[in-house]
Each structure stands twice: as structure tokens, then as C-alpha cells.
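Let's have the full structure, built from the sequences with the hints guiding it.
Here is what each chain is made of, one letter per residue.
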Amino acid sequence: MTIEAVSRLIAAPAKDRRTAANRVMAGSAVVLVLVALVSLSLGPTGITLASLPRVVAVWLGAPADAATVREQLVLIDIRMPRTLLAMFVGASLAVAGAMMQGLFRNPLADPGLIGVSAGAALAAVATIALGNGFLTPVLQPLGIYALPFAAFLGGAVTTGILVVVAGRHGQLMIGTLLLAGIALGALAGALTGLIAYVSDDRELRDLTLWSMGSLGGASWPKVVAVLPFAALVLLLAPRLVRALNGFLLGEAEAFHLGIDVERTKRTIIVATAASVGAAVAVAGVIGFVGIVVPHMVRLLAGPDHRVVLPGSALLGAVLVLLADIAARMIVRPAELPIGIVMAAIGAPVFLHLILKRGIGGME
Amino acid sequence: MIPSAPRAIAYVLLPVFLALALPAARADVVVTDAGGRQVTVSDTSRILSIGGDVTEILFALDAGSKLIAVDSTSQYPVDAVKSKTVVGYMRALSAEGVLSTNPTLIIASKDAGPAEVIALLKASSVPYVEVPDDLTPQGVAAKIRFIASVIGADNAGDALAREVERDFALLAKQRSKITRPIRALFVLSVQNGRATVAGRDTSADAMLRLAGAVNAVDSLRGYKPLADEAAMEVAPDAIVTMRNAGPSFGSDHILSVKGLSLSPAGQNNRIIEMDGLYLLGFGPRAASAARDLMKALYPSLAQSAAGAGE
Amino acid sequence: MIEARGATYEVNGKRLVEAIDLALAPGKVVAVVGPNGAGKSTLLRLFTGELEPTAGTMLIDGRSLKSVPPCELARRRAVVPQSTALSFPFTVHEVVLLGTTVPGFHVDDPRADKAAYDAIRTVGLAGFEARVFTQLSGGERQRVHIARALCQLATAKRAGGETSTLLLDEPTASLDLAHQSVVLGEARRQRRAGLAVLAILHDLNLAAGYADEIVVMSQGRVAARGKAAEVLRDDLLSEVYACRVRTNAVPANGAPFVLPYADPGGPWP
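Protein chains in written order, with my numbering: chain H, 2 to 364; chain S, 28 to 337; chain R, 56 to 324.
FYI, nobody ran anything at the bench for these hints, they're computed from the structure.
Just so you know, even glycine gets a beta-carbon here, dropped at the ideal spot from N, CA and C.
Which residues of chain R face chain H? A partial, calculated answer using Cβ under 10 Å:
1) Thr-103
2) Val-150
3) His-200
Example chain S residues on the side facing chain H (calculated, C-beta under 7 Å, incomplete):
4) Arg-118
5) Ser-121
6) Ala-122
7) Glu-123
8) Leu-126
9) Glu-143
10) Ser-152
11) Tyr-250
And the structure:
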């Protein structure tokens, strides 16, 4: 079924747009559950969810044999955190993208525009390269949390600088925000390059691999680490729906409609920084989700943020899950970096969308 | 040269050793690996090896038939590794992928990664042994002995290690004959007209010194890009590089860097190409690699050694 | 009631409006006219709360305008802008429903839908609910915005004693005759319902036909204010507009004046 057929089916007369939206949401939720189950059931070891009853039995006290121990390790310690992480990361990145597009009133906006990803990446790169050097006393006690923590901190610091630079005279100017974000991104990129220069061969390879994104290092601690940030964004999103909708008419109009414009802007920035920082921290740099997913939701269910925000969360989770399944199955037992898979899927889909339907229906 | 008296004793005791060693190979072995962990190894029938040098050593210890999977840096012996499953790049492993090959023992270089995946593997029921890594002749011998002890092939390991130690000792003797050390530069690759060279703390640097050369850029640390002007100042007498390693490698590329083509090495076309794993792997062939390099750097020395009946 | 007391707005040493005293009483339509640059838009923005006066005060029901939070403000006044740039394909229905952003009203509420449909019908766009906003003509878009403002005021929960104010920025700019009369007729109807209406108008004839009071602005100040007959005089207008103006005159070539008929009963059939 092509995208056109599906959207024709679903995008009935706009009077029924609400029904169409509900249908899209329900459909996406169902698809998400299915894909999540597939993700739990698929992997290079060939273990499927059929082993789950045995694993649960062992957990409840039945004697364990070597095979069941292995199944438990794969299902519970490898696949489950990986699936959850893929869902959180996908949802966070997609919702952040939708919010950015609402904030900048532009369908091409991407969370990376405000420099958050670059800042998070810089911090992560610094940790990888300098972690064995003078940063050791700070990072050592954090163990394997050092990298996610540093990345999140990097994203937060970048956002903080951004808000200060673009927020003078008490007002966050969108144009300034964009330019400052680009400038900060460039600065972070330059510093990253510098760090890459002083790192040795091994660290350099780690940097390169990390920057291509991977969910291979998924673990329960990481899931716990990213959960509060994903939750924060997903809880904030419903409150931002009206504001984002009104925002689309312009800041002046939004004000007339009763929206606290400055507070909305700051909330969006913080929510985006938190979710993107956390996502980059645990999974490296994964592109395209922030741009492509909100578009697809708009094409299917209209631009109302009441649908676009939750729809993006669901669809983003689905997309990253699919990409992750592909990443770990295509060249098994080796793995592809997920950033590459996303780009390989995302770019053609994006081009298709642009050619067929225009950008989000824009004339 | 092993003195004759101990040699005789060894011949007598060898059968005794073997008699004792064989059963030991089947019993549980507890080793303390390079990460300080105590690992119990009971089943060595399906070994997964991570690291080109680790794989090489396993094959040299005649355990190749037990190897079921290797990583992508394991390239020697060439035909033998072709038939093995490859689990990916050493520092980008997949936990489930590794486990899907059903190993009974994982022997891995300390460089294996990423950290979370290694943690998962260590937590699995498969014994995971980290191999020590030391870029010195003693380090190579220790590595061989360690891996041998893990798979219960202590004699073969000892024999191989001694061979290696002997070769290194010979090499040291040859080195002592060098009166004027050559300034050599190891070029890893050339990209955008700039060469990436090996400074201190690299395996290439260790090899250069073992071969009796002086690293022309030992003010640098690690693999670093060398600016064109700096290349001219460095003026190495010889350039060493890897052979057949891809489009940005090879002597043509090196000469495309102006500063290097104007150096004594470039002008005299003294560019030595050697196989990457052979030269830098610090596996069992390390000593012979260093010797080959020394022969290439000091041809007169090789001749005189040949003349002396080495 | 929104009122300006001695309101002045100065930027870079230039006074865009100066010492304005104007109260928007309920049940009255006030039209603000004047040449370009007279300060009409600035005045409107002072009344909407978008701008803070650099001198003087703006009050709403006795309270300082800037002390009222935006959401509360939105319950008491609605604004119809001159134009907006909307780059996403919302339907007419959805745009009008944006008016119910006023808190205290759930968007899925059938009352919101009814208010939206009523507003859409009022501006003569019945049947347009499912059309995509970005595909409408300028005039149609203008009417959608008016419908949105009407919906906003209709759905706002108001405490006793609060007045609603409708502020219109050149609402008839892109409209043809029929729709001009519809819009301004609706403004008059709203004022009978107790609203205060302020409209910036370019067309002096429309102002004369529909407004209870006309405020003529010139160079940031109020040049004259009062009923149409008092204010629309040759001498005053000639000075303010810097060109010769004749009122109530028959042109030499016999061409008639055209004034759309104000039908207070409902939309022009």
C-alpha cells in the first residue's frame, strides 16, 4: 500500500479529520506494539519470544539450564532494553522535531538547528577522547554512565548559551535563535574536530563509530537514564498543543489568542534540549527522524498539533525500531550503525514525500 | 642457543611433561586475565577470537580448528581465516551477534569494544578472557604464553614463545651492530595531500625502534596528520608504509605529498611497503617482521649477517 | 472597557503616537482613520496589549493592561489582523477553532464546534469548513480571521462586569462590496450585543456609514473625533490628508458615490 493510497483512505473530508486523526493514532499505536514485539523476537541468535515463558518460569524459581540462561540474557538483558531505548529515542527525536517545526514555523526545522545535537556530540567526543586523560578523575566514578551524562550536559550547556544569547531584552527572537544555533553548532563542530585531532588512533575510531549512531550498547541503566527525559517531553507535549497551533499564525497572533509566547518558546527549547540531549547521549547521532516523521504524520492526519505531537512520538518510535532491526539483522552477526540505516531509509522517503506531495502540503 | 645439558634434561622430561599436560588440557583452567578477572575455562571446543594477533597466535598454537568465529581485523593466516564467520569490527561488536555464534570461550584483545557490549559478554555464561597487550618483545612472548595457558596448550605456547624470544634476541644483537641509525617515518595513509604518520606510543613506532631505526617524528604522540612543510623539515631517510591496504595507501600516494617527495627517502625512493597485520600486529610474526624491516632499512647489515652465516 | 490615558509610544526618539486619550466604550463602533504613518496601527497595538506605552497608561476595566496575563486578556478582547502567514494546511474549521484557545474551553467540546460553525456562517463562509486555508483568496482568508475572532469572543467565559472588545485592523482591505458590508454589519451587530469595537479603516465612506464615532489621526495625534458629520469636513480632511477633499459633493462628471448599504439585520443576501 503506497503512502498515497493510505492517506487517501485516511484523509477523508476534513470535516472528518478528527476521525481520521483518531484512526491514524490508533493505527500507529497498533503498529508500534507489533513492531516492538518483532524487535523483541528477532535477532542473530535466533531466539524468539517463544522462549519467554521459560524465562519467566526461571525467574519465578524454576531451575535454570544453560540454554535458558542464554535466552534470558538475550531476551531480558539485550533485546528488551534495546527495544525500549529505540522507542524512547525515536519518540523523543520525532516530537522534538515537531516542536522545532512549530517554533520556527517552518516544516524544514530540525532539532539540530539549535545546536543541541552538536553540543551533545561535542561533549561525548570529549569524553571518548579525553576520558583517559585529565578528565578521568571527574568521569571515572560514573563508569559507563560517563558518556550519556556528558552528552546530556553538553546539550544542556549549548541550550543555555543559546537562550542567553538569543534572549536578550527579555525576548527570544526566533531569527536570532536560528543564527545563534547555527553558530554554536559550527563552534561545537570545530571543537570536535580539534579533539579528534589530539586523540589517538583507537579513540578516533571510537569517535567515528559513535557519531554514526548505535543502539548496540543498550542496557537497562541506559534505559533508566533516558526515561526521565523522554517522559518529560512526552508529558510536556500535550500542554504545548494549543500554544504550538496558535504559534503557527505568528507570534503576534499567538499573543492575541492568549498564549504566553515567551514562556512557550522557552519551554519548547528546554524540552527539545532535554530530549535530544538524552537521545544523542545514549544512541549517538541519529538523523532524519526529527524532519521526516512529523511530515509523514501531517500528510496522513493534518497539521493540528493535537495529532502531530503524539503521532510523531508513535511513528518515530516505529521508525527507529525498524531501522534498528535492520541494523542488527542485515549483516549479522556484525551490525550496521543505525545512523546510516536511518539515512538510507530516510533520504529516499523524504525525497519521495517532497516530490509527490510538496513539503507538508505547503504550496 | 640452548646449552646442551639443559637440552638433554628437557628431552628426558618432555614425555613426562606431555603425559601430565594432556590430561591438564581437559581439566578446568582458572586464569587471571589482563583485566584482573578470574575466569574458569572448561570447554575450548568452540573459540571466538577478537583481535588479529590473538587469532594469529591461536593458529600458531595449532588451535585453528577450534576457532569458530573471528573479528574483522583477523587476517592471518589468509586462507584459514576466510572460512571463519566474522562478527564485525573489533571495537564495534554486537552482543547478540557474538553470542549467536555459540562460542564456549571468548579470547579477546584488550582493545575490544564498545564497553557496554563487553560488559554484557562478561556477564554472559560464556567465559571471556582478556589478553594482555604490551608492545615489547617480552609482551609478545607473554601474550603467547598466556593464550596458550588459556587453551591448555602450555607446551606449544612455551615453545613458540621461546622461538619468538630467540628471534628477538638475535634481532637485538643485529641492532647493536648499527653505527648510524636511520631516521625513518611510518606513514599510515595519505588523505587530501596530507600524510598521517606514527609518533610515539604506537605499534609502528615500536617496530621502527625494534628494527634499529629512529622515529623521525617522535615528538608527536599517536597517529597524527603531518603538515606539508613539517614533512619537509622532518626529512626522513626512509619511509615505511603498509601495502595493499586500500586507495589512500601505497607509495604513489606518499610521493604525492610534496614535502615527502623532496625528502631523502623520497629522492632515493627508499619507501618500504609491508603487510599491515604482519608489521603492526605484534603477534608471533612480530620478530620476523622487525627483522624484515631491519633488512630493508639496512641492506648492508643483512649482507654482513648473511656473510657471517646467521 | 479598554482605555488609553495619555498614551504615548516612542521609538528611537520618534513619537509614533502621542498623548492619546481614548476609551472604547461598550456598545460603540469606533473607526480610526488617517493617512499612512499617522500611527493607526501603533494605536491598535497599544490597545491589544502588544505594545506598552512609553508614557501614559493603558487600562482594561481599571487595571493596567500589562499586568493582565495573556490568557486572561484573550478572554476579553479579540483581534483581527490585517494578514497572517500560515504555512501549514489547516482547514477553515481548524483555524476558526484556534479561537477557542482561550482557556476554560475544551477543544473537543461540541459547544466549541457550534460556536465555530456559527461564526463561519456569519461571515458568509458556510460550506467552506473543510477547505484548506492556504488555498483561499485574500478576502476569504480575512473573513476566516474575523470568524476566528468572533469564535474567540463567543466561547470566552466572562466574569460579570467585563466587557468584550473586538479590534479590527483594516478588516475590509481585501474584501469586495458584499463582504465589506457583511463584516461591518456584523461589527454593528456585535456592538448591539454589548461589545466595544475598534476598527482601523482606510475607506472614509465606510467609516461614515458604519461607525458611531470616528477618530481622525494625524502624525501620531488625534486630530479630530466625533460623529461622522462633525469630523468629515473639507478643511480638516484636506489638512490631514494633505490633498484637496470635498465632502458631500457631486463630482463634475456625474459619477455617483458608492456606499454599500448597511443592513443591520444580517448578511447581505
